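Colleague: Here the protein sequences line up with chains A and B, keeping their order. Just so you know, we're using our numbering here: the first sequence kicks off at 124 and counts up by one. Just so you know, we're using our numbering here: the second sequence kicks off at 424 and counts up by one.
Please note: incorrect hints may appear among the correct ones.
Covered stretches of chain A (chain B as the covering partner; in silico rule of three or more C-beta atoms under 8 angstroms from a C-beta of chain B) [what the hints assert, rightly or not]: (1) 150-159; (2) 187-195; (3) 201-208.
Derived DEER-like restraints, expressed as beta-carbon distance ranges [stated by the list, open to error]: (4) A:198 / B:534: 26 to 36 angstroms; (5) A:188 / B:623: 17 to 27 angstroms; (6) B:556 / A:165: 21 to 31 angstroms; (7) A:158 / B:523: 46 to 56 angstroms; (8) B:535 / A:127: 18 to 28 angstroms; (9) B:430 / A:127: 48 to 58 angstroms; (10) B:535 / A:165: 18 to 28 angstroms; (11) B:687 / A:124: 12 to 22 angstroms; (12) B:468 / A:198: 28 to 38 angstroms; (13) B:597 / A:124: 42 to 52 angstroms; (14) B:552 / A:155: 47 to 57 angstroms; (15) A:208 / B:461: 45 to 55 angstroms.
Derived from the structure by calculation, the hints contain no laboratory data. Nothing here was measured: the structure is a model prediction, and the numbers come from that model. Even glycine gets a Cβ: it sits at the ideal position worked out from N, Cα and C.
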Amino acid sequence: MYIKVKDLVGENAMTLDDGAAIYNQIHDPLVQGQVVQLDFEGVEVFASPFFNAGVGHLLADLQPDALNNHLKFEHLSDFGIRVLRRVIDNAKEYYAANQSHRNAIDRIVQDNAANG
Amino acid sequence: MATLTLQIPTINDSRLDFTVLAKIWQDVAKAGNGTNVNFNFSSCGFLRPNAVVFLGALARLIQHRGGAPRFLVDTMQSQVSANLLQNGFAYAMGDDTQPWQGNSIPYREYSQIDKNAIVYSLKNEWLGRGWVNISHDLMNEIAGRMSEIYVNAFDHSLTPIGVYSCGQHFPNRRELTLAVADFGVGIPSKVRFQEGEAFAGADAMRWAFTRGNSTARQIHGPRGMGLDLLKEFVRVNRGRLEIYSHDGYACIDSTGEMYENLPVFFEGTLVQVRLVCDNKLYLLSSEIDSLAFF
Numbered sequence: 124m125y126i127k128v129k130d131l132v133g134e135n136a137m138t139l140d141d142g143a144a145i146y147n148q149i150h151d152p153l154v155q156g157q158v159v160q161l162d163f164e165g166v167e168v169f170a171s172p173f174f175n176a177g178v179g180h181l182l183a184d185l186q187p188d189a190l191n192n193h194l195k196f197e198h199l200s201d202f203g204i205r206v207l208r209r210v211i212d213n214a215k216e217y218y219a220a221n222q223s224h225r226n227a228i229d230r231i232v233q234d235n236a237a238n239g
Numbered sequence: 424m425a426t427l428t429l430q431i432p433t434i435n436d437s438r439l440d441f442t443v444l445a446k447i448w449q450d451v452a453k454a455g456n457g458t459n460v461n462f463n464f465s466s467c468g469f470l471r472p473n474a475v476v477f478l479g480a481l482a483r484l485i486q487h488r489g490g491a492p493r494f495l496v497d498t499m500q501s502q503v504s505a506n507l508l509q510n511g512f513a514y515a516m517g518d519d520t521q522p523w524q525g526n527s528i529p530y531r532e533y534s535q536i537d538k539n540a541i542v543y544s545l546k547n548e549w550l551g552r553g554w555v556n557i558s559h560d561l562m563n564e565i566a567g568r569m570s571e572i573y574v575n576a577f578d579h580s581l582t583p584i585g586v587y588s589c590g591q592h593f594p595n596r597r598e599l600t601l602a603v604a605d606f607g608v609g610i611p612s613k614v615r616f617q618e619g620e621a622f623a624g625a626d627a628m629r630w631a632f633t634r635g636n637s638t639a640r641q642i643h644g645p646r647g648m649g650l651d652l653l654k655e656f657v658r659v660n661r662g663r664l665e666i667y668s669h670d671g672y673a674c675i676d677s678t679g680e681m682y683e684n685l686p687v688f689f690e691g692t693l694v695q696v697r698l699v700c701d702n703k704l705y706l707l708s709s710e711i712d713s714l715a716f717f
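Here chain B stands alone, though its shape is the one from the complex (with noise of 0.2 angstroms):
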């Protein structure tokens, strides 16, 4: 059995650094099934928690495909190897050492759409750890509005291995982040088979986030208003989010949209959302009115 060896580099959470993961997918992608996978973190000074989801993803991935994966823990450094242990990535992975409460927010992985399960961690593992101040109203108002990304990814992706998430608490960037990834078909392809082949994989973001559109099977009637949702959800509280998806990449901010082609494409969409972290409620507005419903 073929055994491919991968660097593994410091990855941060920039559009370069999504560059060296779709590139790492491209190199498994291309090995085909039944290889076995090492990754060597020799030149590796740490990972942020989109490269962790990317990795767990991946390492399913090939065994989904016949493979092996393997972490190489000696060519770890300490913090690499500390932050892994320490998130319950290495846990996931077979390593006997239990995860910790720290900074991280745990890398969990989910085979099929356990709702309750994502909620909790919502609510009790990335929330509702004393890192921002909100109600309880508030507290589920965002895991409803967080939890979008998770069944959307379920209902669009069609992904054969899960949906992976992890995140991270940043004291000194006074930041809250969370990455969610899935190597289904990705958003583009899915708006290109639905609409057409002409569409870039900017505009075919900017497709999806349009309110109204979706590539969500519509067996149940209408959809198309989940990403709508979360992109009121981080502008409001000055947070930041990033998908990044087969070969279209979108950005959303307080400051606005903004949509682009990939230069390096793999089957999949890795989420980011950050948020900052400053201790302030979240506004919450009410909508409660006389207005009939239809």
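Excised from the complex, chain A in its bound form (with noise of 0.2 angstroms):
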């Protein structure tokens, strides 16, 4: 599966929608066992929730061995590259920690989001 991650969030990937998008398009593939190549030509601007939202979230439900052997990036430039390297980090230890203890923090945190 190839995708030009331009034609989807435009020259600049920065928020949770444009985010959400590239793993809408992306989750179930990559579930099923298929390679996916994400091509970055012509973005320009990254800013991490897009990361967060677009492929850090994707280590809940799959392995980091599978993703590094089904998930390419393509044309991602140095800043994209560095901002990405955190994000996966980050998110690897988020979904490392005590999932009950995970959960409590979402419900509260979609609570107050709800409640404004």
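Make the complex out of the two chains shown on their own, each in a separate frame, by following the hints.
Modeller: What follows is the structure in structure tokens.
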């Protein structure tokens, strides 16, 4: 599966919604064992919420080895690579944490967001 | 309908000046919904960008609560009115005069996260004016790191009235500044809601600046890298990042990090970034390597 990221999010890959747009395209194919190529040609500006929602979130139910083998990144800028690595390290810690503790934090944060 | 008149003094960008801004916010908050607010500038010699974004956000907050803000132009000294005309603040508040280019980075209001407009402003109105000599790639990197401020403001603060930014180039100080404000719930109050009420303002700010910690909605998985990326950026560039939020204060520069409680609180967050603007290239270290990503 080949995805040109710029076609989905434009040249600024920044927001949670941008990341969710990528995640929604690639999650199921990755679960099914397909190889996914994310081509970042033409994407110029990156912010961490994009990678958190688009890539870090994959670690919730996919193993690092599987992602190393099946998810490929192309034409990613130096800064994009740096942010992506940070996000992945952070996500691995997050998902390695005790599941019940994580659920509790997520529930509180979501309630907080819902209550404004 | 009640009318409140506030005296706006000269407002620089020190912590004492922030206290002045927070007290102005408190006066407006105490006045209640529907109050009209006049801003008198007769004792004001100048306003730094932090004050401009704060007053802009305050004007929208007053409107949001059913009142009308009124900036008493007749009370302004010429340099104050010239600054507010040049940076577009006056135009945003209804004046007919179009802003013009000078040393100001234009005043901007974002009612929702408009990433393309934010990046455009950062790249063309802040970085791309010739005040810093940077490559295309580095401009994109700085825009990305700075955009974390805006994305954070929308994701964390739940601001009802949007996010406001403005900046200034100070040639004599060789400094480039950017101020971003919102009147959302503030970082310490969100940390307390999530982690417990025992956090003092300073402790809450320290928690929020720790890598991996986040008060943002985690619907899409883990968060908590934005402030870390921003910290790294200002340190490398010998700049300074200051965040005033609720009753907490954080200051990050090349010498370290400082977190303190604030004596006067306001509901919201004010971010100030200062960069040294001396025409030297900012370093862009490469992390290209062959290690697996996951």
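Colleague: So, for every hint listed, does it hold in this structure?
Modeller: Going through the hints against the structure:
A stretch counts as covered by a chain when three or more of its residues have a beta carbon under 8 angstroms from one of that chain; for the region 150-159 of chain A and chain B the count is 0, and the coverage is violated. Restraint check on the region 187-195 of chain A versus chain B: 5 residues with Cβ-Cβ distances below 8 angstroms, three needed, restraint holds. Only residues whose beta carbon comes within less than 8 angstroms of a beta carbon in chain B count, and the region 201-208 of chain A has 7; three or more means the coverage holds. Checked against the hint of 26 to 36 angstroms, the C-beta distance between residue 198 of chain A and residue 534 of chain B comes to roughly 34 angstroms, which is consistent with it.
Distance hint for residue 188 of chain A and residue 623 of chain B: a CB-CB separation of about 43 angstroms, inconsistent with the stated range 17 to 27 angstroms. Look at residue 556 of chain B against residue 165 of chain A: about 25 angstroms separates their beta carbons, and that is inside 21 to 31 angstroms. A C-beta distance of roughly 54 angstroms is found between residue 158 of chain A and residue 523 of chain B, which places it inside the suggested range of 46 to 56 angstroms. Distance hint for residue 535 of chain B and residue 127 of chain A: a CB-CB separation of about 26 angstroms, consistent with the stated range 18 to 28 angstroms.
As the Cβ distance of residue 430 of chain B to residue 127 of chain A is approximately 56 angstroms, the hint placing it in 48 to 58 angstroms holds. Take residue 535 of chain B and residue 165 of chain A: their Cβ atoms lie about 25 angstroms apart, and the range 18 to 28 angstroms holds. Checked against the hint of 12 to 22 angstroms, the pair residue 687 of chain B and residue 124 of chain A fails, with Cβ atoms roughly 55 angstroms apart. A C-beta distance of roughly 51 angstroms is found between residue 468 of chain B and residue 198 of chain A, which places it outside the suggested range of 28 to 38 angstroms.
The supplied range of 42 to 52 angstroms is met by residue 597 of chain B and residue 124 of chain A, whose beta-carbon atoms lie about 50 angstroms from each other. The hint said 47 to 57 angstroms for the Cβ distance between residue 552 of chain B and residue 155 of chain A, and at roughly 49 angstroms that hint holds. Checked against the hint of 45 to 55 angstroms, the C-beta distance between residue 208 of chain A and residue 461 of chain B comes to roughly 52 angstroms, which is consistent with it.
In terms of the numbered hints stated before, the structure departs from hints 1, 5, 11 and 12, listed from lowest to highest.
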